[in-house]
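> With the hints as constraints, model all of the structure from the sequences given.
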Amino acid sequence: MTISNRPTPDTSAAGPAPARPTLVRPAASTPLGASLERNPGTPLDLDVVRAIRVNRSAVERRAATIPTRRTVKKEWQAAWLLRAITCMDLTTLAGDDTAGNVRRLCAKARNPIRDDITAALGVSHLRITTGAVCVYHAMVPTAVEALAGSGIPVAAVSTGFPAGLSPIEQRIAEIRASVAAGAQEIDIVVTRGHVLTGNWHALYDEVQRFREACGDAHMKTILATGELATMTNVARASMVAMQAGSDFIKTSTGKEPENATLPVGLVMVRMIRAYREQTGHIVGFKPAGGIRAAKGALDWLALIKEELGDRWLRPDLFRFGASGLLTDIERQLEHFVTGRYAAAYRQPMP
Amino acid sequence: MTTVASIFETMAYGPAPEGDAPVREWLERHQLGTFGHFVNGAFTKHGTTFAVNDPATGSLLAKVTQGTSDDVDSAVRAARAALPAWQQIGGHARARHIYALARAVQKHARLLAVLETLDNGKPIRETRDLDIPLVARHFYHHAGWAQLLDTEFEGCAGVGVCGQIIPWNFPLLMLAWKVAPALAAGCTVVLKPAEFTPLTALCFAELAHDAGLPAGVLNVVTGDGETGKALVAHRGIDKLAFTGSTEVGKVIRRATAGTGIKLSLELGGKSPFIVFDDADLDSVVEGVVDAIWFNQGQVCCAGSRLLVHEGVAPALEEKLRARMETLRIGSPLDKSIDMGAIVDPIQLDRIRTLVNAGVADGSQMWQPSWALPATGCFYPPTLFTGVSPAARIVQEEIFGPVLVSMTFRTPSEAVELANNTPFGLASSIWTENINLALDIAPKIKSGIVWVNSSNLFDAAAGFGGYKESGFGREGGREGMYEYLVPSWKRDAPDATDPMPAANNARVGSTSGTALPALDRTPKFFIGGKQARPDGGYTLPVRGADGSTIGEVGDGNRKDIRNAVSAALAAKGWARATGHNRAQILYYIAENLSVRASEFAGRIDAMIGGSGGQVEVERSIDRLFTYAAWADKHDGAVHSVPLRGVTLAMNEPIGCLALACPTPHPLLGFVSLVAPAIAMGNTTVVIPSERYPLAATDFYQVLETSDLPDGVVNIITGARDALVKTLAEHDEVDGIWYFGPRAGATAVERASADNMKRTWTEWTARDWTSAAQGEGREFLRHATQVKNIWIPYGE
Numbered sequence: 000m001t002i003s004n005r006p007t008p009d010t011s012a013a014g015p016a017p018a019r020p021t022l023v024r025p026a027a028s029t030p031l032g033a034s035l036e037r038n039p040g041t042p043l044d045l046d047v048v049r050a051i052r053v054n055r056s057a058v059e060r061r062a063a064t065i066p067t068r069r070t071v072k073k074e075w076q077a078a079w080l081l082r083a084i085t086c087m088d089l090t091t092l093a094g095d096d097t098a099g100n101v102r103r104l105c106a107k108a109r110n111p112i113r114d115d116i117t118a119a120l121g122v123s124h125l126r127i128t129t130g131a132v133c134v135y136h137a138m139v140p141t142a143v144e145a146l147a148g149s150g151i152p153v154a155a156v157s158t159g160f161p162a163g164l165s166p167i168e169q170r171i172a173e174i175r176a177s178v179a180a181g182a183q184e185i186d187i188v189v190t191r192g193h194v195l196t197g198n199w200h201a202l203y204d205e206v207q208r209f210r211e212a213c214g215d216a217h218m219k220t221i222l223a224t225g226e227l228a229t230m231t232n233v234a235r236a237s238m239v240a241m242q243a244g245s246d247f248i249k250t251s252t253g254k255e256p257e258n259a260t261l262p263v264g265l266v267m268v269r270m271i272r273a274y275r276e277q278t279g280h281i282v283g284f285k286p287a288g289g290i291r292a293a294k295g296a297l298d299w300l301a302l303i304k305e306e307l308g309d310r311w312l313r314p315d316l317f318r319f320g321a322s323g324l325l326t327d328i329e330r331q332l333e334h335f336v337t338g339r340y341a342a343a344y345r346q347p348m349p
Numbered sequence: 000m001t002t003v004a005s006i007f008e009t010m011a012y013g014p015a016p017e018g019d020a021p022v023r024e025w026l027e028r029h030q031l032g033t034f035g036h037f038v039n040g041a042f043t044k045h046g047t048t049f050a051v052n053d054p055a056t057g058s059l060l061a062k063v064t065q066g067t068s069d070d071v072d073s074a075v076r077a078a079r080a081a082l083p084a085w086q087q088i089g090g091h092a093r094a095r096h097i098y099a100l101a102r103a104v105q106k107h108a109r110l111l112a113v114l115e116t117l118d119n120g121k122p123i124r125e126t127r128d129l130d131i132p133l134v135a136r137h138f139y140h141h142a143g144w145a146q147l148l149d150t151e152f153e154g155c156a157g158v159g160v161c162g163q164i165i166p167w168n169f170p171l172l173m174l175a176w177k178v179a180p181a182l183a184a185g186c187t188v189v190l191k192p193a194e195f196t197p198l199t200a201l202c203f204a205e206l207a208h209d210a211g212l213p214a215g216v217l218n219v220v221t222g223d224g225e226t227g228k229a230l231v232a233h234r235g236i237d238k239l240a241f242t243g244s245t246e247v248g249k250v251i252r253r254a255t256a257g258t259g260i261k262l263s264l265e266l267g268g269k270s271p272f273i274v275f276d277d278a279d280l281d282s283v284v285e286g287v288v289d290a291i292w293f294n295q296g297q298v299c300c301a302g303s304r305l306l307v308h309e310g311v312a313p314a315l316e317e318k319l320r321a322r323m324e325t326l327r328i329g330s331p332l333d334k335s336i337d338m339g340a341i342v343d344p345i346q347l348d349r350i351r352t353l354v355n356a357g358v359a360d361g362s363q364m365w366q367p368s369w370a371l372p373a374t375g376c377f378y379p380p381t382l383f384t385g386v387s388p389a390a391r392i393v394q395e396e397i398f399g400p401v402l403v404s405m406t407f408r409t410p411s412e413a414v415e416l417a418n419n420t421p422f423g424l425a426s427s428i429w430t431e432n433i434n435l436a437l438d439i440a441p442k443i444k445s446g447i448v449w450v451n452s453s454n455l456f457d458a459a460a461g462f463g464g465y466k467e468s469g470f471g472r473e474g475g476r477e478g479m480y481e482y483l484v485p486s487w488k489r490d491a492p493d494a495t496d497p498m499p500a501a502n503n504a505r506v507g508s509t510s511g512t513a514l515p516a517l518d519r520t521p522k523f524f525i526g527g528k529q530a531r532p533d534g535g536y537t538l539p540v541r542g543a544d545g546s547t548i549g550e551v552g553d554g555n556r557k558d559i560r561n562a563v564s565a566a567l568a569a570k571g572w573a574r575a576t577g578h579n580r581a582q583i584l585y586y587i588a589e590n591l592s593v594r595a596s597e598f599a600g601r602i603d604a605m606i607g608g609s610g611g612q613v614e615v616e617r618s619i620d621r622l623f624t625y626a627a628w629a630d631k632h633d634g635a636v637h638s639v640p641l642r643g644v645t646l647a648m649n650e651p652i653g654c655l656a657l658a659c660p661t662p663h664p665l666l667g668f669v670s671l672v673a674p675a676i677a678m679g680n681t682t683v684v685i686p687s688e689r690y691p692l693a694a695t696d697f698y699q700v701l702e703t704s705d706l707p708d709g710v711v712n713i714i715t716g717a718r719d720a721l722v723k724t725l726a727e728h729d730e731v732d733g734i735w736y737f738g739p740r741a742g743a744t745a746v747e748r749a750s751a752d753n754m755k756r757t758w759t760e761w762t763a764r765d766w767t768s769a770a771q772g773e774g775r776e777f778l779r780h781a782t783q784v785k786n787i788w789i790p791y792g793e
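In order, the protein sequences belong to chains A and B.
Read left to right, the first sequence gives residues 0 to 349 (numbering that gives the first Met the number 0).
Read left to right, the second sequence gives residues 0 to 793 (numbering that gives the first Met the number 0).
I should point out that these hints are in silico values taken from the structure, not numbers from a laboratory.
All C-beta atoms in this analysis are idealised placements derived from N, C-alpha and C, irrespective of residue type, glycine included.
Treat the hints loosely; a few may be bogus.
[Said to hold, decoys possible] Straight-line alpha carbon distances no greater than 16 Å define the calculated EDC-like cross-link-like pairs of lysine to aspartate or glutamate that follow:
1) B:LYS528 with B:ASP705
2) B:LYS318 with A:GLU305
3) B:LYS488 with B:GLU153
4) A:LYS73 with B:GLU17
5) B:LYS318 with A:GLU276
6) B:LYS631 with B:ASP603
7) B:LYS334 with A:ASP298
[Said to hold, decoys possible] Just some of the chain A residues that point at chain B, by a computed CB distance under 10 Å:
8) ARG60
9) VAL122
10) HIS124
11) LEU265
12) LEU312
13) ARG313
Spelled out as structure tokens, the structure:
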């Protein structure tokens, strides 16, 4: 028996039953093309923001069943894991980063899977790379140089990462400096206090100024959800960040007490969906922090596929922020190819 | 082509089948899938068999035996034979056995899950993550009740041999809900699983035997409705528990009327799913998925009537349609689907028929665009909008993945729509406003209320319905009572029921006084007013010496109708505080005390002797008892595995008809009326037919005690004729009958039509003792438990 979740090619051929009324989506939900218009933002709409309701228990129940309702096996699992690699912001954000380890990371980004594995999977021609490399501002020149010609963008965390409490002009200057140094993507952090005190105007203004400073560089707005206290705050902050022109919204810096969780991710992607329904604009999503296992990556992909649809399973709309995840994915791919459980030390380290 | 490279582009889901080899081997081992019954610790030789099919493929899974009445009889005998030893081993030993059953379920969890999925067609995710873990949980929980039985249910004893008939929608879970409390209470069981889905019950019986459960304690007889009928008709059982359709529940109620078989019925539903405009709509959508597309909607408590605030209905319906597009339907063994197969082509036909009726009614039907699997018993998720309350799809339980949606304007209209159904099993309320949620929850007539959630189950919380969704609870402390009886009652003889002597000519009047006695005319008491009989007839009341000591109204149907109307109009009484009700009961006692000697004289005149004074004193004592209880019959906060609370609230039944015992003209009356009104019910009371004058005198006490009009209504006359009218009245919610078996039989039979809660008793009860004449037993009959699930967390 086959699983059916595909549009019927011809509904009149569905048998003796009367033809079923099919889904009619509003204009905002028409299929997305390959290239997207950047989110231009909207004026701050507090009616929308304040009307947002989130029921934590219900969100948690839904999030808990995403990994139990969906699973992929064999070829499907291998393909999904490859997709996860292409959506990965391979990241190092440590105080002891040097040019040496950043170059090593970039080399891994260019060539994330062993050639014998890609050959066995029949995907050598796809030239799989990670989605980006993510570093501090100081490492941007090194990374840009190391990735030259690869097409892999460099992302810089910015605006006083991770706390975001340095003077606003310095934070804006930091963005400009990273963009000038060649960063094509800027991961900003917001002032959590604006969210905790419900100062949506301040949050909106801050994010809008950062976006302006980014220019052509894409901006991912880190909400630091682990410090936002409630799901309702997460949802409202997501909406304000999108209204202020974020290209992506992102869960965490990786430095908060709680990292990216599926319930938080669910709340954020539902806001992305709502923002699109309201404005027609498309925003991407990046969970970051604590995603280390291949299984966890598959759960995130299933969440996105279920809640936002297939178009979001591309690096222009979805990224993982991760450092250790890649090695586990490599191990799973090797296992798929050989049938043997694979060792981490056999995967070239980033 | 499904290469890794192509899937990398499509990001499609692939097949993810759960293996079924161990289950196939298990079936093979049992005579190539041919089963007898499981009786007295072993499989019987198979008899005439019928096919059990996998609904997803239509292929044959096994053949099981059609149980005959002889098969049922031998199973009941085995259960009877096993009963004394099972009771004697005591609570702790039974706890060990039940604990072993919980462990056995866990050890064989996947076998049971896969077998259930093959047999029923529900997704493996559900059997694996919900059904089977809940089964284990139920046995663990009830191992605990077995351990605590002697101390926590003092004075109670297991009811005896239990016949249990379960449906096909949650085959093993329903077995657990029935078997676990029965075993804990010290009962033995004959279980008949559903014809479509008998396999996990047989597997479980075998596992239980292997786990050391004594032979005969659990017997499984397979078969269709005829086998069930034989079990219902068997007079060797003490208790019958049934889960299934309301239609069959009513048949069972009638068939067991007057047998003394304790009955619990968990029947159908058309449960409302109420969405207010401040709800988290995205979460509501998933709540709907869990409510109506869980188990293909074949769930008695499925939230099948969506009631949405008009302002958000378009947005919610759009979200629902989008969500329905992403549901996946397919092989139940696939780990990546949301919906599996409908249990049987018969059920599929019923769903189609009702959906067609909905379309014909002019309701708008919507189904997702994807195609169903080409073969097998499948039906797509279906949404009806623009439906009216009169539509058949709104009125009838569909038992399939079909949701009907209506809108409301105000909270009170939502409540009205929610209660506009004969059913009352469950309801779901979605709002982020706790004030609203907790205001609405008590107003919905349903045994379960889920706030911002749906279809949550746990062994620690009672499950069961109001109205025509049946009676009795499964789970929790309230569920244990369904398998227990007061110990004293088990060997009680039949009560004597002296009826009025034949109607003689009026015997003399007073003698030796200059003036004739001043005539007194006892009337009815309806809506706080004295009322003359509609028919204009009276009946003489004979004293102990045979003389006529008064005449009471001869009530008829219209008097009953008027009394019920008055009782319904007094429903504000249910909202009075316990403190307020207590004050009034104390006041009644006070006013009775003032007239104690008058009442004592009247009692002595009616029944002779000089016991009247003692009876009046006992009646005052009893009024005090229920004044005391009025604010103390607390509910509970159940310990369910949830971040939140589950409140078990004791709610009044509603309008109760009370047919008082014949002896003890005053004490019998007070013993029924006081607990009923203490718990917030309104009543229509038929006093002792032989000795009615204490009750008719009593309304003057009520009139002076601030009791709101209509809370107690009194109609005298021929008890059994009046009670028949009450039992046939659909606005009467419950009926207590203390009289002869023939009358009890009639009451139970007539009560089936609207599934009244009945409490009948023809055995002798010592009304003068506190142990038998008052207490929690009465309070339990005067209330029903509503479980309100309130998850929280911000």
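> Against this structure, judge whether each hint is valid.
Tested hints:
1. Only pairs whose Cα atoms come within 16 Å are accepted, and LYS528 of chain B paired with ASP705 of chain B is accepted, the gap being roughly 13 Å.
2. Proposed proximity of LYS318 of chain B and GLU305 of chain A is supported: the alpha carbons are some 13 Å apart, at most 16 Å.
3. Restraint check for LYS488 of chain B and GLU153 of chain B: the C-alpha separation of about 14 Å stays at or below 16 Å, so the hint holds.
4. Between LYS73 of chain A and GLU17 of chain B the alpha-carbon distance is near 14 Å, which keeps this suggested pair within the 16 Å criterion.
5. Between LYS318 of chain B and GLU276 of chain A the CA atoms are separated by roughly 11 Å; this keeps the pair inside 16 Å, and the hint holds.
6. Between LYS631 of chain B and ASP603 of chain B the CA atoms are separated by roughly 35 Å; this puts the pair beyond 16 Å, and the hint is violated.
7. For the hint pairing LYS334 of chain B with ASP298 of chain A, the CA-to-CA distance comes to about 14 Å; that is within 16 Å, so the pair holds.
8. Taken as an interface hint, ARG60 of chain A checks out: its beta carbon lies about 7 Å from the nearest beta carbon of chain B, inside 10 Å.
9. At a threshold of 10 Å, the smallest CB-CB gap from VAL122 of chain A to chain B is about 5 Å, leaving the interface hint in force.
10. For HIS124 of chain A, the interface hint holds, the least distance from its beta-carbon to any beta-carbon of chain B being 8 Å, beneath 10 Å.
11. Residue-level restraint check for LEU265 of chain A holds (minimum Cβ-Cβ distance to chain B is 8 Å; threshold 10 Å).
12. Interface hint status for LEU312 of chain A: upheld, as the beta-carbon distance to the closest one in chain B is roughly 5 Å, under 10 Å.
13. The interface hint given for ARG313 of chain A holds, since its Cβ lies 9 Å from the closest Cβ of chain B, which is under the 10 Å cut-off.
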